[in-house]
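Student: Here is how the chains run, residue by residue.
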Amino acid sequence: MLRETRGKLSLASQVRGLRTRATPAVLRTSVQPSVVEQEVVEHTPEAEEELTKYAIQRVNDQIGENKHGRLFAVIYLQGKQHLVTAEDLVVVQGPFAPTIGDTFRLEKILAVGGRDFTLLGRPLLHKDLVNVEATVVEKSLSHCRIFFYNRRRKNSRKTKFERETHTLLRIHRVELLHKVNEAPDIEGVDGRIF
Amino acid sequence: MSVARRVQQWATFGRMWYLYDARWQNPFHSADKIKLYLAGRNKPIYHPLSDCGDHVVVINSLDIALPGMEWEKRILRKAVYNKLDKNLLRRGRMARLHIFPYDKVPDNILENVSAQMRQLRPVPIRLDQIPEEEVVNFPKVYDWPKDHVIS
Amino acid sequence: MVITSPTLFARARGGDRYWKRRRILALSSHFFGRKQNCYSIAIKYVHRALRYGVRARKLKKADDRELWDTRINAGCFELGTKYSDMKAVMNDTGIALDRKILQNMAVWEPRSFRALASLTKVKQAEMGLNTLGSPPPSGVVTRGML
Amino acid sequence: MTSQTWNRFWGSTFVKAPLQNGVGRYVQQLQRITFKFCKTHGGSRGMRDFIEKDLIEFARMNPGVVVYLKPRRHRSSCLKAEYLNGGEEYISAHKQSSEEIKKWVEYLRTQSGYSVERLRKYQHTDRPSIQGPWTPWMHRDQCINIAEYPQEELSCAVKREKTATQELLEKSKIFVGVNNSS
Numbered sequence: 001m002l003r004e005t006r007g008k009l010s011l012a013s014q015v016r017g018l019r020t021r022a023t024p025a026v027l028r029t030s031v032q033p034s035v036v037e038q039e040v041v042e043h044t045p046e047a048e049e050e051l052t053k054y055a056i057q058r059v060n061d062q063i064g065e066n067k068h069g070r071l072f073a074v075i076y077l078q079g080k081q082h083l084v085t086a087e088d089l090v091v092v093q094g095p096f097a098p099t100i101g102d103t104f105r106l107e108k109i110l111a112v113g114g115r116d117f118t119l120l121g122r123p124l125l126h127k128d129l130v131n132v133e134a135t136v137v138e139k140s141l142s143h144c145r146i147f148f149y150n151r152r153r154k155n156s157r158k159t160k161f162e163r164e165t166h167t168l169l170r171i172h173r174v175e176l177l178h179k180v181n182e183a184p185d186i187e188g189v190d191g192r193i194f
Numbered sequence: 001m002s003v004a005r006r007v008q009q010w011a012t013f014g015r016m017w018y019l020y021d022a023r024w025q026n027p028f029h030s031a032d033k034i035k036l037y038l039a040g041r042n043k044p045i046y047h048p049l050s051d052c053g054d055h056v057v058v059i060n061s062l063d064i065a066l067p068g069m070e071w072e073k074r075i076l077r078k079a080v081y082n083k084l085d086k087n088l089l090r091r092g093r094m095a096r097l098h099i100f101p102y103d104k105v106p107d108n109i110l111e112n113v114s115a116q117m118r119q120l121r122p123v124p125i126r127l128d129q130i131p132e133e134e135v136v137n138f139p140k141v142y143d144w145p146k147d148h149v150i151s
Numbered sequence: 001m002v003i004t005s006p007t008l009f010a011r012a013r014g015g016d017r018y019w020k021r022r023r024i025l026a027l028s029s030h031f032f033g034r035k036q037n038c039y040s041i042a043i044k045y046v047h048r049a050l051r052y053g054v055r056a057r058k059l060k061k062a063d064d065r066e067l068w069d070t071r072i073n074a075g076c077f078e079l080g081t082k083y084s085d086m087k088a089v090m091n092d093t094g095i096a097l098d099r100k101i102l103q104n105m106a107v108w109e110p111r112s113f114r115a116l117a118s119l120t121k122v123k124q125a126e127m128g129l130n131t132l133g134s135p136p137p138s139g140v141v142t143r144g145m146l
Numbered sequence: 001m002t003s004q005t006w007n008r009f010w011g012s013t014f015v016k017a018p019l020q021n022g023v024g025r026y027v028q029q030l031q032r033i034t035f036k037f038c039k040t041h042g043g044s045r046g047m048r049d050f051i052e053k054d055l056i057e058f059a060r061m062n063p064g065v066v067v068y069l070k071p072r073r074h075r076s077s078c079l080k081a082e083y084l085n086g087g088e089e090y091i092s093a094h095k096q097s098s099e100e101i102k103k104w105v106e107y108l109r110t111q112s113g114y115s116v117e118r119l120r121k122y123q124h125t126d127r128p129s130i131q132g133p134w135t136p137w138m139h140r141d142q143c144i145n146i147a148e149y150p151q152e153e154l155s156c157a158v159k160r161e162k163t164a165t166q167e168l169l170e171k172s173k174i175f176v177g178v179n180n181s182s
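Residue numbers (the UniProt record's numbering), protein chains in the order written: chain A, 1 to 194; chain B, 1 to 151; chain C, 1 to 146; chain D, 1 to 182.
Hint data in this document are derived by calculation from the structure and do not stem from the laboratory. All clues given are correct.
Derived lysine-lysine pairs resembling DSS-like cross-links, with alpha carbons at most 30 angstroms apart: (1) 60/C with 33/B; (2) 160/A with 44/C; (3) 61/C with 160/A; (4) 173/D with 140/B; (5) 86/B with 61/C; (6) 20/C with 36/D; (7) 159/D with 83/B; (8) 121/D with 160/A; (9) 60/C with 16/D; (10) 159/D with 104/B; (11) 104/B with 33/B; (12) 160/A with 20/C; (13) 154/A with 58/C; (14) 154/A with 44/C; (15) 179/A with 87/C; (16) 83/B with 58/C; (17) 80/D with 36/D; (18) 158/A with 20/C; (19) 60/C with 160/A; (20) 121/D with 87/C; (21) 33/B with 61/C; (22) 102/D with 160/A.
With the rest of the complex left out, here is chain A (with noise of 0.2 angstroms):
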């Protein structure tokens, strides 16, 4: 959705239009546009394809100055999803292999966003592309959990005491090790399981 341009005007300004209407963060003090008039435009399949360019190049600026700020990542972990971000705490309920002190890399991403940008995956993200690094502070056993079924009438009763092991992740980091669409071609292999 390109918008005709009156006189020359830079392509930038043509997309600050789109990201004007997305009002910044409401903390940080950013220049007050003017009123923005839009006008219904009908987009060529040349002009998208230039857009889509452009906005993977703008990424790939931020990627490429490490500018993005702090990143959040959607992983996938124990048949849950967890939203998270660097410092965050995660518990993961169930049973779960790695131990206290043990440091690990979460290599099913869903999506990766900063303040400007989202990465979403279909359904995974690449491999390479977002390094989440997780180490396990905790591992204790949940609160007694009574799990009672009764049939009425029968005098039958079962009654059910369960502890579940719960894991207690700290996120250490979540950084993007490369440009979107520039996987490297030699892949890290190392502790990698095919």
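Position chains B, C and D against the provided structure of chain A, taking the given hints into account.
Tutor: Using the frame of chain A, we list chains B, C and D on its own:
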């Protein structure tokens, strides 16, 4: 809680004032829509315990699409009361509903209004209010000759 | 030196019934009236309370899901789409974010949610959702196709 | 377990780690563990086996943990663990085999000293939002703040299909157009 966090929380839980033009609208369908705003279910931060409902100012409630000349405040109010969740919060939410018969709203309320809700159905034009020239050049399949006298 | 070990082996019977009742009455310490103190009455209500506890664990997950749905729908309506369309488009494009993440994004990462919403609107037009002209879903055999 | 009893006896808490443990480096939280047992009583046999077989291995694997042995006559065997943040945990090991005791020792080793309570949430973050939390004005056009209400174009319903009159007018224009040109 630091100042920035407190300001952020005010912004997130800011209470909005919505204006709803009930002209030619079905009061019961409108009530369905209004109850969402009163309960705050139009916000992603909704939670039954967090009081994040908004105010709704309804104007032109006299012209709702319902026969009857009596000032229709009670019908629209009853409709919304009926559609709201039947719990203790209903009274509080009803207090945030302001209904006016015409489109004249007191200034202290109008200055709070910061958004408008869309109507459910487009407002039709009454037959006697169709502009003259549109009637004249409306395409006709057949027309009486000029000198024909309709007795 | 006095050897006291053998005396410890004398069996002390009884007293078990008392502790069995204590366990039940501990669970009924916040009930009302005789349900709190009389064992034969208390045990009925303690069993009921325990059954409620077991059922409530499932209900809690269902309530969470319903709340998440409400939040995602609210976020979607504000951006001009519906959650059902977003689900259909995400299923089609292979994005596997679940409800918990979507509602988290709707509240805490609104710009990401906005990206998903605009993706939905664009893809929806492409896929022809909500329009009569859209091609029939794959795998559905209707009259005249055989 | 009804919630009141639960709160009365056990309570509920949120996920926490002592002193941002694991942010810079992970520090084992177990400070001291005491094995209390009786030399003669049969109930402490498992404990005595554990001490003979696995205690040395345990001590070597965990240099930072102080291990105390406390033989007491005619007292049932138990484990007592103390943690860096002052938390204590007592586990009775009466008539337990050495394998069971091994499991409980491992349980005590990997804990961090907080009392075990129901977790209300299974995640904790100090930075819940990167893009700024949602506000009612975030996704809206900015002109609604300065608009004069009631506003007609904001209020009109979204028209989907065209009405019959509009279609008739459009067709008639085409038809009139054809007449004029032919």
